[in-house]
Every structure is written in structure tokens, then in C-alpha cells.
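Student: If you read the protein sequences in the order shown, they are chains A and B. All residue numbers for the first sequence refer to the numbering used here, where the first residue is 1 and numbers rise by one. All residue numbers for the second sequence refer to the numbering used here, where the first residue is 1 and numbers rise by one.
Just so you know, these hints were derived from the structure itself, not from any lab. There's no promise every hint is true.
Stated by the list, open to error - In silico DSSO-like cross-links for lysine-lysine, where the CA-CA straight-line distance does not exceed 27 Å:
(1) B:Lys107 - A:Lys212
(2) B:Lys97 - B:Lys136
(3) A:Lys212 - B:Lys118
(4) B:Lys97 - A:Lys212
Note that the coordinates shown come from a computational prediction; the quantities given were computed from them, not determined experimentally.
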Amino acid sequence: MKKIKYFTALILLTAIFISSFKIAYSDNLNSNNYRIQFGNLNIGGEKLNSGTYYLSTSVGQSVAEKFSSNGYIVKAGFQYLKSIIPFSFSISDISMEFGTLTPSSPSTQTTNLTVSFGGAGQYLVTAIEETPLKTFDGLNSIPDTSCDGGVNTCTTTSAKVWASTTKYGFGYNMSGNDIPADFTDSTYFRPFPDRSAAASPVTLMSSTNVGKSRQSTVTFKINISNVQPAGTYRSVVNFTATPSY
Amino acid sequence: MGNKAQNVKRVTCNMKHKKRRYQFFANWEPREIEAGLLYESKNSVSSYLNIKSFGRARQWFFVFIFSFYFLVFSAHTVFAQQFGISITPPHLEVIIKPGKSILIAYKIQNFGDPMIIKSKIYSFAPMGNKGDLEIKEELEGPVRFELDNSDISLDQPFFLNSKADQQLLLRIRIPEGAPEGDYYYNLITENVPNPAGQGFSYSQARGRVGSNILITITSTGRIDLKGKISIFDVFSRFRFNFFGKTYRVFDSGDLIPIILIAENKGKNLIKPNGDVILRGNFGEKAIYNIIPQSILAESQRQLSATPSALINCDQGRKPFYCDRDSSFLISGFFLGKYDLSTTINFGEGSPNVYSNVSFIAIPIKFIIGLFAIIIVSLILIKK
Numbered sequence: 001m002k003k004i005k006y007f008t009a010l011i012l013l014t015a016i017f018i019s020s021f022k023i024a025y026s027d028n029l030n031s032n033n034y035r036i037q038f039g040n041l042n043i044g045g046e047k048l049n050s051g052t053y054y055l056s057t058s059v060g061q062s063v064a065e066k067f068s069s070n071g072y073i074v075k076a077g078f079q080y081l082k083s084i085i086p087f088s089f090s091i092s093d094i095s096m097e098f099g100t101l102t103p104s105s106p107s108t109q110t111t112n113l114t115v116s117f118g119g120a121g122q123y124l125v126t127a128i129e130e131t132p133l134k135t136f137d138g139l140n141s142i143p144d145t146s147c148d149g150g151v152n153t154c155t156t157t158s159a160k161v162w163a164s165t166t167k168y169g170f171g172y173n174m175s176g177n178d179i180p181a182d183f184t185d186s187t188y189f190r191p192f193p194d195r196s197a198a199a200s201p202v203t204l205m206s207s208t209n210v211g212k213s214r215q216s217t218v219t220f221k222i223n224i225s226n227v228q229p230a231g232t233y234r235s236v237v238n239f240t241a242t243p244s245y
Numbered sequence: 001m002g003n004k005a006q007n008v009k010r011v012t013c014n015m016k017h018k019k020r021r022y023q024f025f026a027n028w029e030p031r032e033i034e035a036g037l038l039y040e041s042k043n044s045v046s047s048y049l050n051i052k053s054f055g056r057a058r059q060w061f062f063v064f065i066f067s068f069y070f071l072v073f074s075a076h077t078v079f080a081q082q083f084g085i086s087i088t089p090p091h092l093e094v095i096i097k098p099g100k101s102i103l104i105a106y107k108i109q110n111f112g113d114p115m116i117i118k119s120k121i122y123s124f125a126p127m128g129n130k131g132d133l134e135i136k137e138e139l140e141g142p143v144r145f146e147l148d149n150s151d152i153s154l155d156q157p158f159f160l161n162s163k164a165d166q167q168l169l170l171r172i173r174i175p176e177g178a179p180e181g182d183y184y185y186n187l188i189t190e191n192v193p194n195p196a197g198q199g200f201s202y203s204q205a206r207g208r209v210g211s212n213i214l215i216t217i218t219s220t221g222r223i224d225l226k227g228k229i230s231i232f233d234v235f236s237r238f239r240f241n242f243f244g245k246t247y248r249v250f251d252s253g254d255l256i257p258i259i260l261i262a263e264n265k266g267k268n269l270i271k272p273n274g275d276v277i278l279r280g281n282f283g284e285k286a287i288y289n290i291i292p293q294s295i296l297a298e299s300q301r302q303l304s305a306t307p308s309a310l311i312n313c314d315q316g317r318k319p320f321y322c323d324r325d326s327s328f329l330i331s332g333f334f335l336g337k338y339d340l341s342t343t344i345n346f347g348e349g350s351p352n353v354y355s356n357v358s359f360i361a362i363p364i365k366f367i368i369g370l371f372a373i374i375i376v377s378l379i380l381i382k383k
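Pulled out of the complex, with its shape left as it was, chain B reads as follows:
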């Protein structure tokens, strides 16, 4: 590009921007200017712009080039609108008398794009036994909620800028004479979808983030503690019934998946406190602490314990225990008969509940491998 005449003046300028190299060059003679912009990426070099300007257009040429520079290097990539909200505290438990009210400060933070959001209270009910919940559309129960904020009300949209946060002062009021019992709510903060431009079909996502509010209304402070163990068992690789007795058999190298489900037959939420203890024939003992997760009124909850082994159940790699919905997993090398026992208490003043299960561990894979080696060896020897 450009000619090599002696009266040609040449200017080049090299720049690097976002892993690409740009070279601007200009060759000018008394009556002609040739300029271009080379764009080089990893695999190609191309000429992005190449113009010639004559005579008086020289000054317009430079104006154009500088404008083009700002256009190329200062343009920002446009991203789609992002929803990103965090809420704290994420969980609240209240035990309260009728006629009382409390004030709780929540912090809503927007780490997405600026948007219109609103906060609202919904009732929820437990769904299944894994701590999942189903949000109801209608508010139920006698509890009254309102915001003490002077400029924001519940279910009223307000603007929250990016990286900004908003305090919500939630007043929870229990009317006099409110029926005793448990009432479960969720403070949901959601974005208000903007109608997109017409012309193209589209689907809009409404993001909603919740924080649980578990309320127990009691005038005496007395909590209904009626917990029991529904299921305590292991998901064994093999299971045999022999003379009326069940034998659970694992390979010595297997992880032991344990299922522990507790039931709350009372009218108030309870929390389990206790351990699962593993005892072997050789006197070995391991203790696993049950995590005190809430069991809502008249519901079941699959409990977890710690420490628990972690397994990789990503698609394509699935040990047999990936298909089993276990509470926690015990890892190790097991040989012989083992006893698992659990003792749980659901609150001071409530009786302890017990359960136990046993299993047998045999080095099955090792024995099969050994037999195979012996058989192959015998065959080879005979030959």
C-alpha cells in the first residue's frame, strides 16, 4: 500500500486492543493521501478501511480517521439485561405472643442491571421431605406484614440501581387473639418485567428471590414437641432375606448411603439434635452429627449429617448410590458386620428417640478378581 516516491510521507501507528492488533497508516503526497487501517487477529489480517483523499479533502480525511478511532476503540459491547439480587438474612424464625410486633431489617442488594423491583410476602407450605417449599399465591394466616420504610411499601415497585442496596424494615404484627400455631411465609423480591419492543416474539424471565419467615404463635411459650424417626436404613448394593432376617451387603470399598427421615407430628416446628454412630466388630467407632434443620409442623424431613462423603454424580459417571436419595454417605474400607444407631432429641423436655440398622461388608470385587486369577492360572498350567 502507498507508493515509494521520495516525496511521500508516511505515518504508521500500531495499537493493540482486546487481543487484536491494529495498524493505522497514512501515506501522503502533495495531492494525494492514502490511508488504511489494518486489523489483525490470531488467524487473519485484513484491511478494514482504505481510503484515498485528494487535495482539500485532506483535512476531512483526518477528521474522519479520528472519528473512526473513537468509534472502534471506545464502543462498548452491549449485553442483555441481567437480573441479580441478594437478600439477607435469608431465614428468620420467630416465636411470639399474640398482640406483639417486631421489626426486622432486611438488606436487598442489586448486583445486576438497574431495574424496577418490588417486595411482597407470600405464604408457603413444605413440599416433599427435602426442605423444598411451595409458594402460595394467597397470603394465609393472621400475621400482618408492612414496611416501616417511609418511601416503600410492600408490593409497590421501586427502582434499584446497579450495585445499590435497599433496606426493608419489615414489621411483623400478631393481632390480639390470633390462633396459636405455626405460619410460614416468604419475603419475595422480584423484578417487574418491562414490555419489550413489539415486532419479535419473546419470552421474559421474572426473577424472584426469597427469604423464609417461620412464625410460631404461642401465648405460653410452650412448643409442641412431637418428633419421631420414620425411616433409618441403608441403601445396600445387595439385600437378602434369610429366615425372616434381612441382610444388607456392601462391597468393602463401597460408600454407605444412609437414609434418615424424621417426622413432626406436632403443631410447631422442631429441630433434631443427635448423632448417628457407626460401630464395627473390631471396636472401631465413628460419630456423625445430625444437622439441626427445621422440620415444619405436621411434615417429614430427610435429615443430613456431617461429615458426609461427596460423590460425583455428573452425567456420564454414576455410581449406584447416585440413584439413591440418601441423607448422607459414609466412606471407608469396611470388613465384617457393622451396626448403625441413631439417637435424636427434638427439644429439651422431649423424649429421646432411637433407631438402628446393621449391614455386612465383604470384599466382593477382590474375591471375584482372585477367583478369576486362580481359574486363568489353572487353565494356563493345564495347557
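Chain A with its partners taken away, still in its complex shape:
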């Protein structure tokens, strides 16, 4: 019995010892024409200067190895961060089907936007629709919402209440991290800016604070009138995420 216990303990210790090793990888850049291979580096900054200009370079791991020769200097990453942090953006559902639309009966769908930027912080997510919701032949469209009208008339930059079932259109609401302050609650909506009408994208998410994963929920809403022509309506909304410069 003692022998079995010692043997089991030895197996466990061996397993722990082996699993504590870290495997080192090197990055390979390759194409059919050539292959470049270099290790995973973590080098501190270096200053280059002359009487006419002051430059500092920062390099980090893998792709951001310093390229420097006569005629150019390249800096990859942010000078104030010691390593390159990938910038990630995800959309949980890129196709939102509203089912059969019933007049004066709003239909909603949601999707989550998530930005990850390690500890680097500043980023921006903007949105713009290619066109309003329209049929494939382009003859009929569902207009962008103006919410409940009057004092509750919303614009692409100012969300207002859209609760009436007799106010028609297509719009969105937001909740979660780093969203505009005018989305007070779930009844506040905005229309998307329309690229076909030469509008500019609007900011949906932005932050100057560091944060590993910042997430918001976009709720799309459609409400049609009983005179809306029958058909399948489609729109494409562009969500663009970029780090701040």
C-alpha cells in the first residue's frame, strides 16, 4: 500500500513538473516567395536624434521588430506601451432577422459589440448604414425613425423616446460600456446615419480609459405602418472599430 502511495505521488509530481515548462515559439512570416523567421523579442526603446529632429523608437514582440535603415524609421505600436497589444473587435450576431413584420407591432433584434485592447485604452466604434431598409429591387423602403416626434424627435446624434406603436421606422438603442450618454434607458432610440444620403458615421462606443473587454448591446427596432408595401427589406450597417491614434 505504501509503495502504491509513493508511486502515485511520484507520478503527480512529475506531471506538475512537466506542465510547468513554457514552450517558446518563434514567429514565422512566410509566403510562397520567401520565408522570414525571427524569435519573440521584447526590447526596450531607443532614441535617435539629430540637430533637426527628435525621434524615439519603441519595439515590442514579434511583428514589431525595429526596421531601420537609411531613409526611413518605422515605429509599430504605441510609444508609451512596452509591448504590442492586438486590437480586437467582435459582433455577436451579424445577421438579424426580424421575421414577418406586422403593422404597428415593433420587432427588435439585438447584437453585442465587444472591443478588446488589453491595457492600451482608447478606441472608437462608429456606425453607418449603407442605405435605409429597402427591398431588393430598391422600389420600397422603411424610413429611418424620428422616434415619437415633437420634443421626442430623435436624430443620428441625439436619442429620444420611441415608445409609440403608431410611429414607424427603423432605429437602434444601446446599453452597456462606453456608449453615448443620451441612451438613457431602453426606450431611447436613434436612427442610423445614411451613407447614401452622404451622412457621416456616428460614434457608438469610445473610451479613454483602459479596459480589457468593453461590451455594449445594440438593439435594432423596426415598426411598420399598415400601408407599408409587402416585401423583404434589407439593410447593411457598418460597424467600424479603430484604436485611437
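Fit chain B to the known structure of chain A by using the hints.
Tutor: Frame of chain A; chain B shown alone:
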């Protein structure tokens, strides 16, 4: 369920799957089989399936039950299509002579569903003063971009599987004689929306992820360093003008929101290097380092400094400084007069620029509370 006759044989099988308990049972007699599947969740027990089979159908019964098992326990939940792309490096700055070219390796990783994507270069311009940017639809400037990949070109769709990554070898070429100055671009990787099945109205999201490319073309290496401080101030709780002088007053426990905006009047991007220093009457001193964020040509940028206090501005809880767009926040207990000063340099060889502002901190809430206690006490004593 089932009968209790002595010649009845019974089999039960209990299983747990995704927090639900399933029990399959079968009772069979020489000429009859009764079987069922009980499904039990937290709040209910229900019979999901209950069949009886007679005689020769017994073998079909078992085939059905086993098929049903695979159907229930091996079916996968279907999720909507997810877009998830990461790009590295996220930011690139190049100072380059006309006639030169460089090769940069980008890594695109797909952590969403398999999809068709493409990469394209767009120009951008600064928007506002917080480092936001506006992507333009047309490519501007003399810089030329192409991919050295043998099988992928810019603006050409390609397939990227889930958890796969793709290297993009971006060649940036500056033609001879290209005008000097700054040109700002963004490498955007986006999915190509699939047309959904017709029949239902739908809205499709096109996900786009960008990486900044800031290019300064100079034949001499000389950078135009023309920075200045536009605004350096505090957002005080109270502000008084008295005999031509402005007094900024805080409560002793307030966070101090500071606004610092720098302007670049030159034709090349610059970065600020410097500090903000807080000095009090009792000799106390605190230093806050300005983060060297890029200020693009002929634009302004609201600067940040570190360390900065963090505040909770979620909906429903809003201190007064949540409504103020501040560069950074100073926390602490303040009493008396304080001086804030900043010294910034925009590059070696450029002059230092200075600015300062002062404020007064008084324990306002404490004093009001104290007066209230005194008044209430006096009233009680008189009674």
C-alpha cells in the same frame, strides 16, 4: 408507469446532461413493451416520450429509442454567425524619404466564425480633439499600398477559418517626388456580408477592424515642431470673479478634473513630453506624467496624464465631474490654495511651453454640516 406483474422486466437508466436529469425506463412483458423518457429540470418533471410496443415491433422500439438518444444528447445548439477579428500591430508610424518603400507584416486573427473577409486601405482625418478619427471613402495622398502576399491582394476577398490567422505583408511605397507632409491611413479588415435567405426582413452587420498608419514624408528628416498649449484649466465646482481675478473653488473631498488641450500648428505629427505638477501651501507636491499621444498635423488633442483617478459614471450614479470632459482627475483631501503648472516639450530642439492655474479647496460640506449641528443644538437647548 408499467405494471407490477411478476413476469415484467424493467430497465431504468438515469443520466444527467446540461443540468437536467433524464431517466429512460422500459418495462417489457412477453407481448408488450412500455417505455418512456422522463425529463426533469429544476422546477418540473415531465414525461417527454411514452410509447408502447407490441410483439414484433420490439426490435423497432429499441432502434427508435437509441436514435432518439442521439438526437437528444448529441444535438448542438445553433448560434448566429459571429464576427470576431483581431489585428496586430494596431498602430504604425513611419518617417520616410520619397522614393523609399518598406514592408510591414500584419497579423489578422479570426476568433469568430469562418467567414469571407478582405483588407483595404482608407485615408482618415482627425475628428474632434480626443483622438477620434473619421474614415474617408477615397484614398488620398501620394502613398502607394500593395500586398506582397502571393495569393491575396488588397480589396480582394479571401476565406479565413475560425481560429485561423493570416499574415498580410503590406508594402508601403513613396514615389519619387512625392510632396512632403503627413498622410494618415487605416488598414481596415472587414467581413463580406452574405445575402441572407429571402422571406424575412433583416439587417446585416458588417464588422470592420482598423489599424492606424501615420506617414510623414520628409526628404531631410526634419520634423515641423510647432506645438502649443490651448487650454489648461480645472473644472471647479464653484467659480467666482472678484476684482478681475477668477477664483476656482472645490470642496476638500472633491476630485479635481483637469482639462489640458494642446494644439499642433505644424505640418507633421508631434508628441508631447512633460508633466503636470501640483503644489500646495504646506509644501506638498505631486507629479503627473503626460502620456505622449500623437497630435496630428494642424489639429488639437486633449491630453491625458497618469496617474489619474477613476470615477464611476454609469447611469444612475453621476458625480458632477462626470458631465465634464476632463483630461485626468486628481484625488485626495485638499485644504487651502493649490497651484497646478505644466511644462511640455514637443520634440528635441523645440522650445518648452508652460501654463499654470490655481484653485482653492475648502471643506464646504463639513462646514455646512457643522453649522447645521450647531443650529439644531441651539434650538434644542432653547427648548
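Student: Sort out which numbered hints this structure fails and list those numbers smallest first.
Tutor: 4
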